[in-house]
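Line by line, the protein sequences give chains A and B.
My numbering puts the first residue of the first sequence at 235, with every later residue one more than the last.
My numbering puts the first residue of the second sequence at 11, with every later residue one more than the last.
Keep in mind that the hints were calculated from the coordinates and are not lab data.
Beta carbons: idealized from backbone N, C-alpha and C, even for Gly.
It cannot be assumed that every hint is accurate.
[Claimed, not checked] Covered stretches of chain A, going by a simulated chain B footprint (3 or more residues, C-beta under 8 Å): (1) 492–502; (2) 505–516.
[To be verified] Cβ pair distances, simulated, as ranges: (3) A:G492 - B:E447: 16 to 26 Å; (4) A:A569 - B:E447: 50 to 60 Å; (5) B:T461 - A:A579: 30 to 40 Å; (6) A:G492 - B:P311: 12 to 22 Å; (7) A:A523 - B:A157: 25 to 35 Å; (8) A:D500 - B:R222: 29 to 39 Å; (9) A:E625 - B:A494: 30 to 40 Å; (10) B:E447 - A:F377: 53 to 63 Å; (11) A:A523 - B:S320: 22 to 32 Å; (12) A:D500 - B:A305: 54 to 64 Å.
Given next are the chains, with one letter for each unit.
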Amino acid sequence: MSTLLFERSLPRFAAARVVSTLGSGRGVGVGPLRLVERDAPAVPAEGWAHVEPTLSGICGSDLATLDGRSSRYFEDIVSFPFVPGHEVVGTLAEDAVGADGSGLAAGSRVVLQPVLGCAARGIEPPCPACQAGNVGNCGNLAFGHIRPGLQTGFCADTGGGWSTSGLVAHSSQLYAVPDHLGDSDAVTVEPVACAVHAVLGAPIAAGDVVAVVGAGTLGLLVTAALGHLASIGRCPAPSVVLVGARYAHQQRLARAFGCTEALPDDQLARAVRRHSRSLSYGGASGTTATLSGGADVVIDCVGSPESIAQSLAMVRPRGTVSLVGMPGKVTVDLAPLWHREVRLAGAYAYGTEPGAGPDDRVPTFALAFEVAAAQRTGQLVSATYPLTRFEDAVAHAGAAGRRGAVKIAFDVRKGPAS
Amino acid sequence: MSRRPGFVLEVDTSTPPTLFWNGEGFTLETLPVGSRVIYAPEPVKAIDDPYGAIRHALLHPVGDRDPLPALLRPGMKLTICFDDVSLPLPPMEAPDIRQMVIETVLDMAAEAGVDDVVLVAALALHRRMTEEELRHALGNRVYDAFAPHGLLTQHDAEDPDNLVHLGQTDQGEDVEINKRAATSDLLVYVNINLVSMDGGHKSVATGLASYRSLRHHHNPQTMRHSKSFMDQPASELHSSNWRMGRLIAESGVKIFQIETTLNNDTFPSNFKFLQKREWEWSLRDRATFAATSTALSKTPPRIARQIFQSIKSPHALTSVQAGEVEAVHALTTANVWAQQGVDVEGQTDILTMGLPYICPYNVNSIMNPILVACLGLGYFFNMYRGKPLVREGGVVIMRHPTRPEFHPGHHPSYIDFYEQVLTQTIDPVQMHKEFEESFATDPWYVHLYRTGHAYHGVHPFYMWYWCAHALAHVGRVIVVGGDAKAVRRLGFSPASSMNDALEIASDVVGPSPTLTHVHNPPIFMADVH
């Protein structure tokens with residue numbers, strides 16, 4: 235059974251970091267990821283079941299890990315060796331119970347909610363975040379009866395989606411896939427849930443100007459989630475949603491998902507200025523131009539120093555910059571944040587979102603399934619590869635925008651390339 | 011030797027290649043046998059004594075107007091308005107005709123004891139002129155006498171304190187113009203009528219108007235019904251301006267209109283070959299062409315632009331008439347036609363044109379893609395009377411590099427128009443409906459227009475509306491040698507060579523089309539029969 239295994243190897247990690255400076259994904263051949271034969275992990279406790287992956291996506295955080303660019307912050311909430319792959323649609327190998335408490339028969343299609351919170355770790359009582367339904371904010375990611383790991387795909391005990399031998403998942407992680415949802419749509423449900431959480435967590439008010447920085451998978455899915463959730467009244471409808479998208483296919487998709495305008499990322503600030511009817515000053519001698527107003531909310535789906543600086547330059551005084559793209563160690567001028575009293579907020583993963591009543595909470599994944607079905611987010615899956623071609627797959631994912639692609643996934647059912 | 015009229019050449023096997031302008035450069039193209047090439051008439055003889063002619067015109071006005079000195083008296087409020095940097099093209103060698111006219115008017119005003127005199131550059135929604143441009147247009151003597159005292163102003167269409175609403179025409183068109191001009195005892199307007207579109211009631215009703223007023227005729231509906239806007243009787247643009255002009259007159263605004271025409275002696279001696287017919291090029295002309303073309307091909311566009319923008323034209327005065335607006339303009343229009351008119355028999359399937367480096371809106375600036383479209387489809391296409399040179403459903407082939415470059419100070423809203431409007435629609439009607447107002451009222455564009463040297467936020471829309479008649483008329487527009495992405499953004503088809511363009515055109519006009527090339531500049535007007 236083929237498995238892509240990521241081992242702790244500082245020389246290989248360093249080599250990947252050096253080679254990936256030539257381009258994201260280029261260093262995977264010299265990095266710590268290798269294809270091995272390996273059996274499925276054993277279930278660690280009651281309430282766990284085996285899942286056989288069908289499709290498993292390559293995420294930006296996976297690329298950061300493979301490139302050796304991820305923050306050292308994660309070192310203590312990751313355990314080695316691990317099998318990457320946290321965007322997973324697969325089938326249950328045995329009967330199980332789903333996150334909503336319903337029974338799931340062996341062979342059922344499921345999507346993985348990969349966060350390994352208190353429930354998966356057998357921790358009683360759960361931490362306050364898990365008690366509140368905010369599993370993404372679980373404080374116990376290094377504890378319990380499995381080894382550290384913020385998510386499946388970063389934990390030595392659970393396996394991950396990049397494996398034909400399968401993974402193990404706790405019932406709190408299992409969501410049944412509706413029959414009407416294809417595998418391509420389903421494999422995007424996890425990143426869609428991130429997008430839903432980001433949108434519902436941002437302080438968007440009706441009539442706001444919202445800017446989305448970046449139109450990779452996350453940026454496009456934030457756009458899709460915002461478009462759908464606003465259309466069904468789950469969140470206030472902005473008057474304008476502007477998306478900075480470097481490539482033409484990204485602009486096309488962003489428009490299809492309902493944004494007001496999708497335009498090259500270097501034009502985004504101009505569009506924000508125009509739609510917020512702001513004045514602009516500065517910008518000469520290499521400084522960033524400052525707007526008198528700006529977007530009410532900027533959702534940064536890149537997380538680079540440049541994107542954060544761009545976001546801070548576009549947001550209005552007392553507005554919010556929501557960091558959805560995974561940042562690392564960045565150097566950025568926070569003077570405008572201080573001077574304009576801008577809120578800089580993280581938006582990570584998912585959990586539950588406000589429901590209809592004051593005390594109701596709805597799983598983020600339940601909303602993500604709706605968004606995936608309504609916006610056909612599976613259209614973002616541009617190519618699938620067998621595990622044996624992992625170097626090609628990762629290189630493709632690292633250059634997705636430039637190569638006209640968005641989401642690259644492993645088709646775990648595919649055999650070796652002929 | 012008498013000057014030769016315009017000429018329509020039929021290309022045969024012995025015809026030398028034809029000069030095509032190509033932005034800041036030019037090239038030679040071999041056109042198919044049977045093609046027609048239209049050449050402008052040779053320059054009308056210049057008036058030997060311009061100051062004398064100007065003085066004569068002011069003393070012998072036409073229409074219902076007294077001689078200028080009779081209209082001047084001590085204690086009166088006199089405002090002298092003048093056309094802005096968009097005229098003439100290229101800018102003329104000093105002294106500029108505006109300087110000569112205004113100096114003469116000021117001499118008469120001084121003789122009459124008038125001491126409340128203000129000069130106003132009639133910008134409409136164009137960019138404010140720089141000091142250097144004002145000095146060139148008016149001369150140092152006028153500039154230094156007025157500017158330091160705040161008496162040389164530039165019309166501000168966004169200054170509510172200096173606009174006055176005079177009423178509405180019988181068609182419901184708001185007439186709102188410069189307050190100083192409207193409330194003066196006499197408004198003297200000094201015009202340069204480079205093309206037949208200029209002048210007449212358009213001088214005041216457009217040059218001194220606000221957006222509230224301009225929007226009534228600067229819109230797709232009007233422009234589509236101006237066939238062409240170079241032919242006043244057939245131009246809805248002008249009909250609207252005429253209604254407004256008459257309302258301005260009825261409101262008691264007393265206008266003394268001074269219109270001038272220039273000959274089409276366009277290029278200085280080192281570029282003189284550009285206004286010759288190719289078969290008459292001397293050995294020196296050929297050598298100059300070859301050397302210039304080679305040098306330009308190796309010159310960075312920015313440097314080439316500087317070289318061309320520094321060209322000053324030897325344009326010379328051919329007529330000056332003054333008095334009542336309509337009477338003056340009738341004479342002016344006749345004089346423009348006398349210089350520029352060329353008789354052309356029948357329309358063509360394909361109209362080709364080489365677009366030069368300059369149009370009215372990029373003097374000392376950059377010819378961005380929207381201005382390329384405007385120059386080709388707005389100006390060159392519309393240089394006709396009767397019917398368009400190209401038949402309905404025909405093809406226009408333009409040659410221009412069409413680089414997606416913009417002057418950020420002069421054309422800020424053009425950048426956003428290019429990125430945020432043309433990416434969504436190229437339909438003038440749709441953009442008018444969905445985008446125009448937000449650009450027109452954008453506070454940043456307004457700020458830059460009022461305090462910097464930026465065209466008004468709505469101006470790129472107007473440039474696109476200028477193309478509206480052509481866009482509705484032709485079947486395809488092809489740009490040879492243009493940046494492919496920019497050309498497609500405009501909704502046109504890119505072609506790498508003239509042969510490619512002709513092949514692309516054959517999809518629309520068939521395999522054996524007729525072709526006519528407008529050898530422009532020097533500019534001409536086609537009287538198409």
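Hints, verified against the model:
no.	hint	result
1	492–502	holds (count 4)
2	505–516	holds (count 7)
3	A:G492 - B:E447: 16 to 26 Å	holds (23 Å)
4	A:A569 - B:E447: 50 to 60 Å	violated (36 Å)
5	B:T461 - A:A579: 30 to 40 Å	holds (37 Å)
6	A:G492 - B:P311: 12 to 22 Å	violated (39 Å)
7	A:A523 - B:A157: 25 to 35 Å	holds (31 Å)
8	A:D500 - B:R222: 29 to 39 Å	holds (34 Å)
9	A:E625 - B:A494: 30 to 40 Å	holds (34 Å)
10	B:E447 - A:F377: 53 to 63 Å	holds (60 Å)
11	A:A523 - B:S320: 22 to 32 Å	holds (31 Å)
12	A:D500 - B:A305: 54 to 64 Å	violated (33 Å)
Violated hints for the displayed structure, listed by number in ascending order: 4, 6, 12.
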